[in-house]
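Undergrad: Residue numbers (numbering that gives the first Met the number 0), protein chains in the order written: chain Y, 0 to 504; chain H, 0 to 152.
The hints are simulated quantities; they were obtained by calculation from the structure and are not laboratory data.
Watch out, some of these pointers could steer you wrong.
Claimed, not checked - Quick list of simulated restraints, FRET-style, between CB atoms: (1) M184/Y to L25/H: 46 to 54 Å; (2) V21/Y to L133/H: 30 to 38 Å; (3) R66/H to E229/Y: 51 to 59 Å.
As the list claims (entries may be wrong) - A few chain Y residues facing chain H, derived, Cβ under 10 Å: (4) L178; (5) N185; (6) R235; (7) I236; (8) L238; (9) F365; (10) L393.
Unchecked claim - Where chain Y lies over chain H, by a calculated footprint (3+ residues, C-beta under 8 Å): (11) 15-23; (12) 78-84; (13) 133-144.
All C-beta atoms in this analysis are idealised placements derived from N, C-alpha and C, irrespective of residue type, glycine included.
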Amino acid sequence: MIDTAAFAGAVAMLAGSLDAWVWVVPGLLIGLVFGALPGISVSMAMALVLPATLYMEFLPAIIFLTSVYTGAGFGGSIPAVLINIPGTSSAVATTFDGYPMARQGRHNEALGAALFASCIGVLISYLVLLLLVQPMAEVVLRIGPYEMAAIGIWGMVLLGSIGGASVAKGLFAAGLGILFGTVGMNTAGYMRGDMGIPWLLDGIPTIPAMVGLLAASQLFALVNAKFIVEAESERRISLRRILAGGAMVLRSPLTLLRGSAIGVFVGAVPGIGSSIANLLSYGEAKRSAADPSAFGKGDVRGVIAAESANSSSEGGSMATMLALGIPGGGATAILLAAFAMHNVIGGPRFMEQSRDVVYAIILSNFAQAAILVVVGTIFVYGASTIVRLPLRYLIPSVLVVSTMGAFAIEGSIAGPITLFVFAVLGWLLSRYGFPVAAVVVGLLLGRLIETEMLRAWQLAGGDPWYVLNYPWAVAIVALMLVSLALSVRRDIRRRRAVRDAASPG
Amino acid sequence: MERAQAPRQPAWAELAVVTALAAGVLAYLIEARGVSLDPQNLLLLQPTAWLVLGLWVVIAAGCLMRRADPAAPRESAGEVLRVLTMVAAFGLFIAGLERVGYDVAICVFMLAGLLIGGERHPAALLLFPPIFTLAVVHGFRLLIPYPFPTGLL
């Protein structure tokens with residue numbers, strides 16, 4: 000499994016090159032800052048620093064870019080916890096429990112848990128990459144549209160059926176999200192719901208809509224509050240409590256390992272990536288918990304599940320990129336571009352001929368994860384001061400920065416308009432007990448599910464029973480139906496218990 | 000009073016919101032069916048729209064049958080008005096971005112946001128909006144590759 004000669008070569012390469020190390024901390028810091036800015040994605044941060052790598056040697060350049068990748072992977076969780084804005088789409092599920100924890104004055108613990116879950120997630124994913132890079136890549140190649148569609152629907156149902164005040168409201172919100180995700184031109188060329196607006200042909204801009212639904216709507220709801228954390232004594236920033244949050248991660252090894260496994264696998268599938276891994280992991284953690292009702296109200300396991308999955312998807316996507324030369328998403332596409340800038344072609348031949356370099360990249364990522372613990376703790380300590388800011392300053396400031404972030408994505412007014420429309424929608428939905436998160440998940444997954452279903456339909460020539468040739472897809476759908484049935488049963492039981500408790504005698 | 004015995008109090012506002020959303024979904028379904036009845040157009044869209052419309056019936060019935068909950072927290076009219084003012088100010092800000100320029104719109108919205116939030120200190124109202132605008136406009140000019148219209152800066 001490990002080529003020991005190449006491994007020794009990688010150790011020697013890293014030990015003998017100062018250049019390979021000096022870029023790690025700057026890369027992590029750049030990633031943390033850009034990841035924490037709403038609207039600036041991981042790939043955008045990497046694209047911004049890509050030209051700077053042109054004059055570096057190949058290995059330091061790749062290590063610098065992967066440091067930005069690692070830093071941004073965690074950076075997105077900071078605004079997710081503190082102000083309910085997922086800095087990147089891979090931090091959506093972090094908001095579900097991270098923000099309620101912050102509002103309860105447990106922002107130190109939430110950020111500590113997110114940081115440690117991220118670092119351990121990165122470590123696990125690169126360990127898997129070190130041991131299983133080749134077999135993983137072969138499994139990934141066998142995943143077709145049936146399996147992809149089933150994974151998308153699975154994530155949808157896990158969240159849609161278990162959030163909100165009732166299953167009906169959860170499914171209503173999830174359905175709305177899916178429909179939003181289908182707006183525009185689909186892969187078969189049909190244009191629907193674009194209302195004659197040219198920019199809607201590409202679909203509803205996802206990030207502005209997501210920030211509007213999750214963050215701006217919450218900010219409206221906070222207009223009458225003074226601070227994010229109401230109790231003054233809870234607004235303290237404490238290193239001890241950040242580290243206590245890290246210790247909580249170690250006390251939830253199952254959630255951590257399950258999240259990391261989902262992250263590695265889903266991250267390795269091209270086109271899915273970390274934005275879905277965190278949702279699937281959160282949904283699974285909630286579904287399998289003895290007390291699922293605690294999720295969404297500030298349960299640290301929700302933060303651990305989301306963060307371990309989104310950070311470990313980095314290792315998964317690196318596996319596909321290194322072994323097959325296929326970028327799983329924007330970030331790995333930038334890495335491949337950096338390969339090309341140095342006249343290196345990723346893929347099986349690179350794996351065979353430069354195995355020592357591959358091992359050096361992997362080993363450097365172990366070190367990056369360890370250094371991120373220190374750099375991230377210092378960064379979190381500074382970023383946490385946000386809870387001390389009065390909301391009368393924070394609300395308009397965050398709305399303005401979110402608007403500029405929404406503009407930054409496409410460079411047009413489309414982003415800010417989408418942000419506003421979805422902010423109002425999110426505020427109305429959350430006011431009446433609909434799980435806004437389910438709309439976000441639907442929006443993220445709707446387009447993917449439709450695209451993969453269309454591919455599957457075309458493959459089968461319109462025969463629905465053709466799906467039986469894909470047992471894994473059938474198994475995922477069966478699991479999904481069982482999950483849905485259990486959720487409905489739990490909802491009915493809960494209502495019955497409430498009615499029995501309320502009736503006299 | 001026990002909740003089961005409480006008088007009926009339909010949730011009209013919630014019913015209006017959920018009905019408006021369902022109406023939007025129905026309009027979308029009709030428009031999509033007008034484009035084409037090909038399964039490749041309606042494969043996911045149509046069943047999802049029917050599901051949402053079916054759920055509307057369940058949720059609307061729940062809104063009409065709702066009983067009053069004396070324990071539920073209530074917002075004052077002033078609190079609701081303040082939120083609506085912030086929503087309106089944000090809407091005007093977005094509408095004004097391209098018309099008056101990003102810098103002017105940001106500065107005016109910051110001032111409005113501070114006033115809605117309850118800030119009354121003259122120095123804060125005079126200094127914070129322009130300084131914040133300056134930082135945001137210059138910061139984003141450095142960060143993003145697209146130009147954005149400005150009135151003054």
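Undergrad: For every hint, state whether the structure bears it out.
TA: Comparing the hints with the structure gives:
1. Between M184/Y and L25/H the beta carbon distance is about 22 Å. The supplied range of 46 to 54 Å is therefore violated.
2. Checking the proposed 30 to 38 Å range against V21/Y and L133/H shows it holds: the Cβ atoms sit about 34 Å from each other.
3. One distance hint, 51 to 59 Å for the beta-carbon pair R66/H and E229/Y, is violated here, with the actual separation near 30 Å.
4. With a least beta-carbon distance of about 6 Å to chain H, the hint placing L178/Y at the interface is held under the 10 Å criterion.
5. The beta carbon of N185/Y is positioned within 10 Å of a beta carbon in chain H (closest approach about 7 Å), and the interface hint is therefore held.
6. Taking 10 Å as the C-beta cut-off, the interface hint given for R235/Y is violated, the closest approach to chain H being about 23 Å.
7. Taking 10 Å as the C-beta cut-off, the interface hint given for I236/Y is violated, the closest approach to chain H being about 23 Å.
8. The restraint placing L238/Y at the interface with chain H is violated, with a minimum CB-CB distance near 29 Å, outside the 10 Å limit.
9. A cut of 10 Å between beta carbons decides the hint on F365/Y: the least distance to chain H is about 31 Å, and the hint is violated.
10. Interface hint at L393/Y: satisfied, since its Cβ lies 9 Å from the closest Cβ of chain H, which is below the 10 Å cut-off.
11. Counting residues of the region 15-23 of chain H whose beta-carbon sits less than 8 Å from any beta-carbon of chain Y gives 3, enough to reach three: the coverage restraint holds.
12. Under a criterion of three residues with beta carbons nearer than 8 Å to beta carbons of chain Y, the stated coverage of the region 78-84 of chain H is upheld, 3 such residues being counted.
13. Evaluation of the coverage hint for the region 133-144 of chain H: fulfilled, as 5 residues show C-beta separations to chain Y shorter than 8 Å, against a requirement of three.
The structure fails to meet hints 1, 3, 6, 7, 8, 9 from the earlier list, while all remaining hints are met.
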